[in-house]
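Peer 1: Now for the letters of each chain:
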Amino acid sequence: MKDSIRKAYLASVTDRFVKGQMDRCSFLRAAGTLGLGAGALGMGLGARPFYGISRAQAQDQELKPNADVMKWLGDVGKPFAGTTLRLATESTPPSNAIATQLKPFFEQATGIKIEIEVLPLEQVLQKLTLDVASSLGTYDLYYIDQSWAANFSQDVFDPREQLKNTELAMPNYNIDDFLKPLVDGIAVYKDAMVGVPYDIPIFIMQYRKDIWDELKLPAPTTMEDLLNASKAITDAKGPTVYGTSGQMKSGHYSLECDWTAWLWGHGGSIFDADGKFCGNDEPGLAAMAYWDKLKATMPPGVDGWTWDGEGQSVAQGVAASMLSWGEFFPFFDDPKASKVSGLMEAIVPPKPTTTLRTVKETAFGEIPGVGHQGGSSLAVSKYSKAPDAAWVFMQWATCADTQALITVLGGGTGPTRKSVYDDPRVKANARVGAGTTRHLPVVRDTIANYMGSEPDLPAWAEISSDTIPVALGKYFAGQSGSAKETMDALKIQVDAIVAKG
Amino acid sequence: MNPSVASRTLRTVGAWVVVGIFFFPIYYWTSVAFKHGNAIFSRPPNLFNFTPTFDNFQKVFGISFGTGGVTVTPGGGNFYMAPRIWDSIVVATLSTLLAVVVATLAAYALSRIKFRGRHEFVNWVLSTRMMPPVAVAVPMFFIYKQFGLIDTFTGMVLIHGLMNLPLAVLLMKSFFDDIPVEIDESAIVDGASRFMIFRRIVLPMAKGGIAATAVLCFIFSWTEFLFALTLTTTSLKTVPVVSSTFVTSIGTAWGNMAALGAASIIPAFIFILLVQKHLVRGLTMGSLKQ
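In order, the protein sequences belong to chains A and B. Residue numbers for the first sequence follow my numbering, so the first one is 1 and each next one is one higher. Residue numbers for the second sequence follow my numbering, so the first one is 1 and each next one is one higher.
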């Protein structure tokens with residue numbers, strides 16, 4: 001039996017059992033046919049929360065914080081009992097796992113109250129900007145998107161300096177355990193560490209293995225494979241199913257993220273070594289030509305979607321693939337949330353068409369790589385009224401044990417520490433179903449070998465969230481002439497913004 | 001067919017079509033609240049034939065945090081929103097009360113008492129209505145921080161009350177202008193004081209106007225976003241602000257958002273039901289000037 005068919009059958013059987021359409025004996029019999037044994041019963045028992053794992057599995061895995069970590073918290077945190085710490089964060093799996101599942105452990109051990117404000121990314125930026133401008137210390141910790149690192153580098157403590165305070169340092173915190181590409185790409189600006197890597201949404205290739213097998217297409221391991229396969233699928237199955245999808249909402253940051261993947265993948269870069277915008281050079285225009293062809297194989301309405309719509313288009317079976325955030329993968333495997341549970345496969349991003357530009361050929365720390373990363377760091381604010389208590393929380397929230405719990409409880413989100421990828425609790429969830437971690441080896445490989453990082457400069461938040469996506473949005477709406485004209489005009493704008501400083 | 005029957009039938013059908021058009025979004029939104037995630041974006045859209053679920057409402061109103069359990073929430077944040085609806089009810093109700101009480105007194109004075117600069121004062125009140133909230137949101141943040149009003153009911157009630165005050169004053173003045181001055185004059189001749197006239201004679205006659213003003217103030221406060229976002233952090237949040245919590249890094253939890261949205265229609269609906277007797281009269285009051 002083909003693996004994809006096996007997975008699809010297992011997913012449908014589990015789904016029917018959870019919905020009460022199948023009794024326990026029948027479920028076990030069906031699972032036994034697949035060679036899964038009685039352990040499969042746990043997959044269908046208990047509540048099947050959205051994205052998560054079942055109670056039976058969790059209890060089996062004893063998902064509780066490490067006793068040594070708890071003891072350290074009690075010893076170090078108790079003097080700060082009664083303090084309230086505030087954090088504004090995007091709604092990401094780590095933040096949600098901490099806010100809803102793990103925070104009580106910390107609060108019980110230390111007596112420190114944690115208040116987490118969950119907001120869309122744009123509003124987090126607004127809140128942090130206000131806090132920094134006022135220096136009022138409304139928030140004790142900052143959730144800093146990698147594109148904001150330059151803006152907030154002066155407003156947070158460097159964790160390497162904080163670790164020198166041995167009284168508050170967590171034993172075995174091991175700051176070197178964070179994946180080096182993530183530290184460089186997310187949490188470093190001009191040799192200063194802007195917190196530690198906290199989450200790592202990264203572009204991986206996610207596609208419908210069943211459709212690829214049906215049409216006998218090669219896995220999309222190159223740009224050409226992806227384009228050809230998308231065309232073939234759209235021709236064969238459109239308009240019911242399209243070859244691929246995109247996050248191309250006009251004027252939204254998501255459009256810039258998509259653009260960088262194709263730009264870097266064609267040997268281009270955003271800035272040249274002199275710090276001038278070069279998206280209008282030959283590789284940049286080749287990327288636009290490729291993107292135009294690829295867009296023709298995407299569902300209509302793709303230029304109204306952010307990653308949300310892109311993920312939904314795949315989850316509903318409308319698009320057969322996407323090069324997008326790996327955090328979506330567990331969502332695809334959840335039979336309650338998607339129609340493609342068990343049918344998706346994850347591989348590293350398609351190989352670029354030519355050699356990638358090196359860091360020396362770019363500026364502002366830009367790292368070309370098709371696997372665009374959108375990670376964030378967590379840092380203690382310099383304006384916090386309780387920086388020591390905040391540092392204790394930050395160490396706990398980003399230590400290996402908590403990250404392992406987050407990865408499992410938070411629905412298969414990618415960890416930022418090396419050791420967590422090999423944690424037995426994380427590996428135990430590498431199966432088809434909600435909260436799967438079976439895509440994490442691909443995430444790890446992408447981080448190590450295919451990751452791309454945006455430049456770090458104070459104006460980047462404006463350029464990436466406004467200037468570039470507005471220009472690209474106009475291009476795809478047919479409002480700004482040819483690709484060359486668009487990118488030439490964009491160059492003038494971006495260079496002017498950068499020159500202003 | 002009798003022409004009058006035909007025209008009546010046509011009117012009835014037309015009315016139902018218009019009602020259907022206006023009601024359809026509410027129906028669709030409510031149906032999303034009862035769907036699983038994989039049924040929300042079905043193609044073609046599934047309006048009636050779906051398996052309903054209460055999961056979304058459970059998550060939004062009845063979630064358990066369970067420190068030892070595994071109530072995994074989606075990558076969509078803390079979805080327990082019942083306290084937020086209460087926050088919205090308290091803020092909207094108290095700010096409406098504040099705005100209506102102050103506006104009624106101010107509007108009566110502007111309508112009845114001749115004082116120098118009265119017209120200029122009315123124009124000034126109108127001009128404050130045209131000020132964009134985004135222009136003062138940041139200064140208000142600093143002021144509120146200084147006075148310790150960030151993230152407090154007092155702060156939110158004050159700002160919403162202030163925000164609605166110009167509109168309430170202008171509306172109420174229009175309603176008071178509709179009540180003949182002669183009534184006041186007769187009462188004065190009979191020996192009533194100004195406040196007695198206001199309380200015993202004019203105010204009861206303006207009940208409809210007060211109801212209409214109160215409804216508008218309530219709705220504006222209920223749906224206000226910018227100040228609620230800027231002037232609160234974690235303790236107090238209103239429904240429009242927490243609705244954005246459902247927008248996550250891995251997609252929008254549409255079902256849960258719809259559950260909150262469908263439920264949040266109810267308080268405003270109840271409020272309008274309570275005042276509807278006065279509402280219709282109030283909406284037409286002030287439309288004819290003597």
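Errors might be hidden in some of the hints.
Straight-line distance between alpha carbons at most 25 angstroms, and here's what the computed BS3-like set of lysine-lysine pairs gives [said to hold, decoys possible]:
hint, chain 1, residue 1, chain 2, residue 2
1, A, Lys385, B, Lys145
2, A, Lys103, A, Lys427
3, A, Lys339, A, Lys295
4, A, Lys113, B, Lys277
5, B, Lys277, A, Lys382
DEER-style ranges, computed between Cβ atoms [unchecked claim]:
hint, chain 1, residue 1, chain 2, residue 2, range
6, B, Gln146, A, Thr129, 12 to 22 angstroms
7, A, Gln108, B, Gln146, 32 to 42 angstroms
8, A, Thr129, B, Ala82, 57 to 67 angstroms
9, A, Glu462, B, Ile21, 33 to 43 angstroms
10, B, Gly14, A, Thr84, 50 to 60 angstroms
11, A, Asp176, B, Arg43, 31 to 41 angstroms
Rather than coming from a laboratory, the hints here were simulated on the basis of the structure. Computed from a predicted structure; not experimentally measured. By construction, the Cβ of each residue, glycine as well, lies at the ideal position given by its N, Cα and C atoms.
Peer 1: Determine for every hint whether it applies to the structure shown.
Peer 2: Hints versus structure:
1. As the CA atoms of Lys385 (chain A) and Lys145 (chain B) are separated by approximately 14 angstroms, the hinted pair is consistent with the 25 angstroms bound.
2. This hinted pair checks out: Lys103 (chain A) and Lys427 (chain A) have alpha carbons roughly 24 angstroms apart, not beyond 25 angstroms.
3. With a C-alpha separation of about 23 angstroms, the suggested pairing of Lys339 (chain A) with Lys295 (chain A) holds against the 25 angstroms cut-off.
4. Taking the CA atoms of Lys113 (chain A) and Lys277 (chain B), the gap is about 48 angstroms. The hint is violated against a cut of 25 angstroms.
5. This hinted pair does not check out: Lys277 (chain B) and Lys382 (chain A) have alpha carbons roughly 57 angstroms apart, beyond 25 angstroms.
6. Range check, Gln146 (chain B) to Thr129 (chain A): Cβ separation about 19 angstroms, and the 12 to 22 angstroms hint holds.
7. Separated by about 35 angstroms at the C-beta atoms, Gln108 (chain A) and Gln146 (chain B) satisfy the suggested range of 32 to 42 angstroms.
8. The hint said 57 to 67 angstroms for the Cβ distance between Thr129 (chain A) and Ala82 (chain B), and at roughly 31 angstroms that hint is violated.
9. Separated by about 41 angstroms at the C-beta atoms, Glu462 (chain A) and Ile21 (chain B) satisfy the suggested range of 33 to 43 angstroms.
10. Between Gly14 (chain B) and Thr84 (chain A) the beta carbons are some 58 angstroms apart, a value that agrees with the proposed interval 50 to 60 angstroms.
11. Look at Asp176 (chain A) against Arg43 (chain B): about 49 angstroms separates their beta carbons, and that is not inside 31 to 41 angstroms.
Of the numbered hints stated above, those contradicted by the structure are hints 4, 5, 8 and 11, listed in ascending order.
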